[in-house]
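Chain by chain, the residues run as shown.
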Amino acid sequence: MTLTSSILRNTVSRIVAVLPSLEQELNEADSKLGDGDTGGMLARVVAAIDQAGPDDGADVGVTLTGYAKATVGATGSSLGTLIATALMTASRQTKGRSEVPWVELGTILGDARDAMSARGGANLGDKTVLDALDAVAKSIAGYDQPTLIHAAALTAAKATLEEYRDRPNKMGRARMFADASKGLDDPGMLAMVRVIEAIGS
Amino acid sequence: MKKLLNSPSTYVDDVLAGLVAANPGMVLDGDSKRVIRRASGAGAGKVGIVSGGGSGHLPLFTGYVGDGLLTTCSIGNVFEGPNLASCMEAIKLADGGAGVLLLFGNYGGDKMNFAMASEMLEDEGVVARTVLGTDDIASAGPDEAAKRRGVAGLIYAYKIAGAAAEAGRNLDEVARIAQKAVDHTRTIGVALNSCQVPGAAAPNFRIADDEIEMGMGIHGEPGIWRGKLKTAAELVEEMLNRLLAELPETGGKRVSILVNGLGATPLDELFILYAEAEKRLNAAGLTIVQPLVGNYVTSMEMAGTSISLIALDDELQSLLAAPASCPFWKV
Chain H
1 MTLTSSILRN TVSRIVAVLP SLEQELNEAD SKLGDGDTGG MLARVVAAID
51 QAGPDDGADV GVTLTGYAKA TVGATGSSLG TLIATALMTA SRQTKGRSEV
101 PWVELGTILG DARDAMSARG GANLGDKTVL DALDAVAKSI AGYDQPTLIH
151 AAALTAAKAT LEEYRDRPNK MGRARMFADA SKGLDDPGML AMVRVIEAIG
201 S
Chain V
1 MKKLLNSPST YVDDVLAGLV AANPGMVLDG DSKRVIRRAS GAGAGKVGIV
51 SGGGSGHLPL FTGYVGDGLL TTCSIGNVFE GPNLASCMEA IKLADGGAGV
101 LLLFGNYGGD KMNFAMASEM LEDEGVVART VLGTDDIASA GPDEAAKRRG
151 VAGLIYAYKI AGAAAEAGRN LDEVARIAQK AVDHTRTIGV ALNSCQVPGA
201 AAPNFRIADD EIEMGMGIHG EPGIWRGKLK TAAELVEEML NRLLAELPET
251 GGKRVSILVN GLGATPLDEL FILYAEAEKR LNAAGLTIVQ PLVGNYVTSM
301 EMAGTSISLI ALDDELQSLL AAPASCPFWK V
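Protein chains in written order, with full-length UniProt numbering: chain H, 1 to 201; chain V, 1 to 331.
Just chain V, same shape as in the assembly (with noise of 0.2 Å):
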């Protein structure tokens, strides 16, 4: 597979250099120099925000690092979690005074590495609380919805909780908040083709060309079904059923949704299932608010989609249209 690089050893290193060269708000930070961190530095008496995760999956987890997201972000090896010198940077950077909300997707690298951290963090006096995303319903049942993975719907959790700790709300009421975002969102992907890690020499996975495979994970964790191609509509039709099947109940039938690109995927095939999507939730009774369509959480160059939805009560409703801005993402 062809990719646009140095070196493979390189990869990471070299990416991160050009973002935050591009992006002004964005500083390259620590002795790993492993973690993107706010320009503007940690608020002082605000909590901050901090994920972190594997690199390949731009604009997740980095691209978010910006006033009213993240204040701090460690990033690992393409698909590997952060290590642990990066999470306690990551961590100590994002420490205003208030405490820390690590949020994160539901990995066991990163789980492993942000709870050492966080451990030996608490001998320097940094209170931290974590939440994990776990949205895709592919990934385990809803008797196992703790076991689930963290995908694009994590980047609701940020933008709520970022706008919860802007808006100078104290620790434990950030992580409740971070809490019911997770808990209001679900999201199903569907991978059309499949990527390949930088240096590795056949692709993760494959797939025919005229197969796709439902609920496939962003590292091509197996999923629900493979299949013969279907059309966008249909294609929409089954993603939608299966998330409002799961959605809960918050009685002003309001939801965000948002139509993602893993990669690979033009933005008018986004487009084309978007309108699937509108039309289906309309005729649900559901009002769309500040819907999202393109490329937030990506997997390399793998093509399909994923669609996220997350049910809104004027609370999140609120902070998920409060000012925020980094590179990828502005309200």
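Next comes chain H alone, as it looks inside the complex (with noise of 0.2 Å):
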């Protein structure tokens, strides 16, 4: 089993299909703590990705390239450009290869993590969409089949939000909050499971 263009193609267009409603959820979270924009942008991101749609077959690293230029056409906000970032190191790890063993995506995930943390100065811990995105490259490290790699990264993204909720903003805009934000859902890691769970739909 492996990760082809084909794929993320699909993936996007799942996202793309539950925009409308996160667009909205996530504009709720954000306008607790920030600019209430966090939906809108991401939902500018997705589109702009979905018109870069690669062709069947195409170079996987070629096509996030591809999304990771659409992405930072779409938006200049820091989420957006750490997905950018996200994207660029995955390219970097599968150009040249038309099919990726999914046994990889722990390892691609965990150096994204790595480049957006070294882009945007936030630590683990921060209650930032990094801990989200650490926990899941974690839970599917060794693992070469998409239906256990889902659940698993569902699950631990979930647990993340959880875990993180009554604990402060360190980051951010949202770090001045701090004792507001406790309680709160952090609005990237709200998105990364929402957008897991639109993977699977």
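Since the hints were made in silico from the structure, they are not lab data. One thing to keep in mind: the hints can contain errors.
Stated by the list, open to error - Facing chain H, from chain V, some residues (calculated, C-beta under 10 Å):
1) 76
2) 86
3) 87
4) 116
5) 199
6) 200
7) 220
Said to hold, decoys possible - Once the Cα atoms are required to be at most 27 Å apart in a straight line, the calculated DSS-like pairs of lysine-lysine come out as:
8) H:170 x V:147
9) V:330 x V:180
10) H:32 x V:3
11) V:253 x V:330
12) V:33 x H:69
13) V:253 x V:180
14) H:182 x H:170
15) H:69 x V:92
16) H:32 x H:182
17) V:180 x V:92
18) V:92 x V:33
19) V:147 x H:182
20) V:2 x H:32
21) V:33 x V:3
22) V:228 x H:32
23) V:230 x V:279
24) H:32 x V:147
25) H:138 x H:95
26) H:32 x H:158
27) V:253 x V:279
28) H:170 x H:138
29) H:138 x H:158
30) V:147 x V:180
31) H:158 x H:170
All values derive from a computational prediction rather than experimental measurement. C-beta: ideal position from N, C-alpha, C; glycine also.
Fit chain to chain and form the complex, with the hints in mind.
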């Protein structure tokens, strides 16, 4: 079983399908900590990525580079730039291959996590999307079946969201809310859960 | 909330189209169509000054493109950083061969995109330095001053760095002067009412009709306290006390003050605030140089004000007084 550009394109389509409800939910979550536009920003990014969909059989790395370029063209927000950073990191590891073994996905996501941390300056434990990505990457290590990977990733992302809900944000605009952020879901973490749910729908 | 627009999705592009149409000294450029540059182009052999940030704050950021101020500016969606492509284009368009100074507010998306853009342009031989506006004293304590946001005081850095570049100083020198301007500037704001991003279902935050928030950021970031509305005299006294407690000593006892409207505050009220500020600064033995009163850095239709002070020495005062011209500020 391998990851291909066609699977990537189908995955994006599944996320597009849930965008209307996802956009609203994320905007509401972000409005409690920030300016309430995380959902709108993510919707623009996913729509732009969808437009950059590759041909069947395309190089996975080239496909991911196209997605990264579409992302940075759609937004300049910090979350968008971090998503593009992750996509570029993944593209470097998959360039020249039309099929990538699923078992590599955990390592690819782990490297994306590290690149995002280096670019944005957040550390694990700061209550950002990095914590969710870290949990997902670790949860799928060694798995080579998409159904198992999906189940493990969703469980890990949900558990991270729960675990961090009552902790303070330590990064970005939300860090200024510190105490007020306790009890609230981080919009990036919430987005991770909803995107993984959509992928399995 | 009612707004005059065609569509939320075309809001920024429509704003930029009108801005350049009304101001022949500005040109919309770049494949991204999210860069404003001087119509006269980058000055050959002179340091270019580049800024950028999210839309919704006019005249900041793009409004300050002009002679003696910014060379180019990239602009993002409302309250979002400028995207990578527009940052790269703005930097390239500002490069007259003497390098570029990237001068923008201390916000995550802006920092990441300008950093990526300048890293990618290093291979093309573009030399860049970065200075961040960090004037908002409400966003972090003095011990964490590097984490502070950049707000209205950023325009003093624009003016002073722009004058240094216009005078032909080299990149390291322009960057030093810009950092000096930032280090000598402090700002605090007070919000009376919220703003709403075009297309959003609700305002960014809510304040009761009889309440204000001291120190609130220009996107609704939390401030120092929220409470009942006070008189102009009481508010100005607190704001100046907080600013003066942190303002560096320059020896000359000279300051410039910016009493800034956030978008929905009448000029009448800003002048009420200025009158109070002048009395208190004079009583503190300070001489006011080149006062500014008006809407210089806004936050959509947010009601409220910010007050910025810059402590001047001879170098800063001379550069602040140098000729400059953009649609929103002439010296």
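Consistency of the hints with the structure:
1. 76: holds, 4 Å
2. 86: holds, 7 Å
3. 87: holds, 8 Å
4. 116: Check passed: Cβ of residue 116 of chain V comes within 7 Å of chain H, closer than 10 Å.
5. 199: holds, 7 Å
6. 200: For residue 200 of chain V, the interface hint holds, since the closest Cβ of chain H sits about 5 Å away, which is under 10 Å.
7. 220: holds, 6 Å
8. H:170 x V:147: Distance of about 12 Å is within 27 Å: holds.
9. V:330 x V:180: Within the cut-off at roughly 22 Å; holds.
10. H:32 x V:3: This hinted pair holds, its Cα atoms lying about 23 Å apart.
11. V:253 x V:330: With Cα atoms ~25 Å apart, residue 253 of chain V and residue 330 of chain V stay inside 27 Å; holds.
12. V:33 x H:69: With Cα atoms ~16 Å apart, residue 33 of chain V and residue 69 of chain H stay inside 27 Å; holds.
13. V:253 x V:180: It holds: about 17 Å lies between the C-alpha atoms, which stays within 27 Å.
14. H:182 x H:170: holds, 11 Å
15. H:69 x V:92: Judged against 27 Å, a Cα distance of about 19 Å means the pair holds.
16. H:32 x H:182: holds, 11 Å
17. V:180 x V:92: holds, 25 Å
18. V:92 x V:33: Holds. Residue 92 of chain V to residue 33 of chain V sits at ~14 Å (cutoff 27 Å).
19. V:147 x H:182: Holds, at about 21 Å.
20. V:2 x H:32: holds, 22 Å
21. V:33 x V:3: Holds: residue 33 of chain V and residue 3 of chain V sit about 23 Å apart, inside 27 Å.
22. V:228 x H:32: Holds, because 22 Å separates the two Cα atoms, which is no more than 27 Å.
23. V:230 x V:279: Holds. Residue 230 of chain V to residue 279 of chain V sits at ~18 Å (cutoff 27 Å).
24. H:32 x V:147: holds, 21 Å
25. H:138 x H:95: Given that 27 Å is the threshold and the Cα spacing comes to 23 Å, the pair holds.
26. H:32 x H:158: holds, 20 Å
27. V:253 x V:279: holds, 15 Å
28. H:170 x H:138: holds, 22 Å
29. H:138 x H:158: holds, 14 Å
30. V:147 x V:180: holds, 17 Å
31. H:158 x H:170: holds, 20 Å
Hint violations for this structure: none, all hints satisfied.
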